[in-house]
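Undergrad: These are the residues of each chain, in order.
2 protein chains.
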Amino acid sequence: MLTQEYKMKVKDLYGKSNIVLTDTELASIDYADFGLNNIEEEGLNLILYVNNARYCAKEMVLLPNQTCPEHVHPDLQGREGKQETFRCRWGKVYLYTDEPTDVEKHQVLPPQQSCDYYTAKKEIVLEAGEQYTIDPRIKHWFKAGPEGAVISEFSSPSFDEYDVFTNPNIKRDIRDR
Amino acid sequence: MLTQEYKMKVKDLYGKSNIVLTDTELASIDYADFGLNNIEEEGLNLILYVNNARYCAKEMVLLPNQTCPEHVHPDLQGREGKQETFRCRWGKVYLYTDEPTDVEKHQVLPPQQSCDYYTAKKEIVLEAGEQYTIDPRIKHWFKAGPEGAVISEFSSPSFDEYDVFTNPNIKRDIRDR
Chain A
125 MLTQEYKMKV KDLYGKSNIV LTDTELASID YADFGLNNIE EEGLNLILYV
175 NNARYCAKEM VLLPNQTCPE HVHPDLQGRE GKQETFRCRW GKVYLYTDEP
225 TDVEKHQVLP PQQSCDYYTA KKEIVLEAGE QYTIDPRIKH WFKAGPEGAV
275 ISEFSSPSFD EYDVFTNPNI KRDIRDR
Chain B
125 MLTQEYKMKV KDLYGKSNIV LTDTELASID YADFGLNNIE EEGLNLILYV
175 NNARYCAKEM VLLPNQTCPE HVHPDLQGRE GKQETFRCRW GKVYLYTDEP
225 TDVEKHQVLP PQQSCDYYTA KKEIVLEAGE QYTIDPRIKH WFKAGPEGAV
275 ISEFSSPSFD EYDVFTNPNI KRDIRDR
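Protein sequence lines, in the order shown, are assigned to chains A and B. My numbering numbers the first residue of the first sequence as 125 and each following residue consecutively. My numbering numbers the first residue of the second sequence as 125 and each following residue consecutively.
Misleading hints may appear alongside valid ones.
Note that the list lumps identical chains together, so a pair holds whenever it fits in one copy or between two copies.
[Claimed, not checked] Straight-line alpha carbon distances no greater than 25 Å define the calculated PhoX-like cross-link-like pairs of lysine-lysine that follow: (1) LYS246 x LYS140; (2) LYS133 x LYS229; (3) LYS216 x LYS135; (4) LYS216 x LYS140; (5) LYS133 x LYS246; (6) LYS140 x LYS245; (7) LYS133 x LYS216; (8) LYS135 x LYS229; (9) LYS216 x LYS246; (10) LYS246 x LYS135; (11) LYS295 x LYS140; (12) LYS229 x LYS140; (13) LYS135 x LYS263.
Keep in mind the hints are simulated off the structure, nothing from the lab. All of these numbers come straight from a predicted model, not from anything done at the bench.
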């Protein structure tokens, strides 16, 4: 399902942000389709810079209007769930968390075919240069604007295979660890 | 000692890297002169993105040939010293650590007036897109190439005021915490 055309679109978006990446990094992009076979709508693309016992950093790309499905980072073996800071580097990203909110009107909608699996409703809009920190155990999903988005993630260590997705059909295969 | 001209040079270098920064961030740059009154030669400029109990991220600038003085991040209250990953985003940086090395020939020299306080000899050269992780308790210093450098730092939490510098004349005033 992963076409060369799809991969080129992702690499082009990294290029638009002017972030310099090595050939090895570009060859190791994790194109996550979450087992939904619908990657242009629900997917996430990422390069893992570092993930050690103390911290993690990634560079992520969302294609135009592409959505990373709702999930949570649970506590693991007595250790608090992953905490992460998203910093938008290029484009625009709409982030939704299950923190309390009074605002019901949202600027973008979740993917229609899976809309039941998107429940978090607090909206945070990040343009280039803006960032937001998601606390442990906060359910969240995020969707790019019409031009796509490049997002740096700074976080505590990643254990992506333990992420809990709201959509029970999701399988997260991990390539880059 | 900190002139408007100096500050403009730093901001121009951030600009060259195409990293998008908010006006608030640009107004809060930490121009560290380490109490040496010689900032063009020995100094470091940084923007703190996030520093919480679990991780830290900064965007650093070195002007052309500017050097960040040798220091180490000690263990603190039973917690391992800071571990950090430098990722060069723009320009070139020469990093020296006190890890074992057989190579004696180096591409750049430490500042002449303080050369006694630069002892780490393992050379790691980072161009844009390249990165290196410095383990806890490893003494290190780093110097930009002739065009300067923009360097992202991903790390465990920062406690800059506890850094131990080789040069006993150094005072590290912390602004951005």
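Undergrad: Each hint should be assessed against the structure and marked as holding or not.
TA: To see whether the hints hold, each was checked on the structure:
no.	hint	result
1	LYS246 x LYS140	neither (29 Å within a copy, 35 Å between copies)
2	LYS133 x LYS229	neither (31 Å within a copy, 44 Å between copies)
3	LYS216 x LYS135	both (17 Å within a copy, 24 Å between copies)
4	LYS216 x LYS140	both (13 Å within a copy, 21 Å between copies)
5	LYS133 x LYS246	neither (29 Å within a copy, 40 Å between copies)
6	LYS140 x LYS245	neither (30 Å within a copy, 38 Å between copies)
7	LYS133 x LYS216	within (17 Å within a copy, 29 Å between copies)
8	LYS135 x LYS229	neither (33 Å within a copy, 38 Å between copies)
9	LYS216 x LYS246	within (16 Å within a copy, 41 Å between copies)
10	LYS246 x LYS135	neither (30 Å within a copy, 34 Å between copies)
11	LYS295 x LYS140	neither (30 Å within a copy, 41 Å between copies)
12	LYS229 x LYS140	neither (31 Å within a copy, 38 Å between copies)
13	LYS135 x LYS263	neither (28 Å within a copy, 37 Å between copies)
Of the numbered hints stated above, those contradicted by the structure are hints 1, 2, 5, 6, 8, 10, 11, 12, 13, listed in ascending order.
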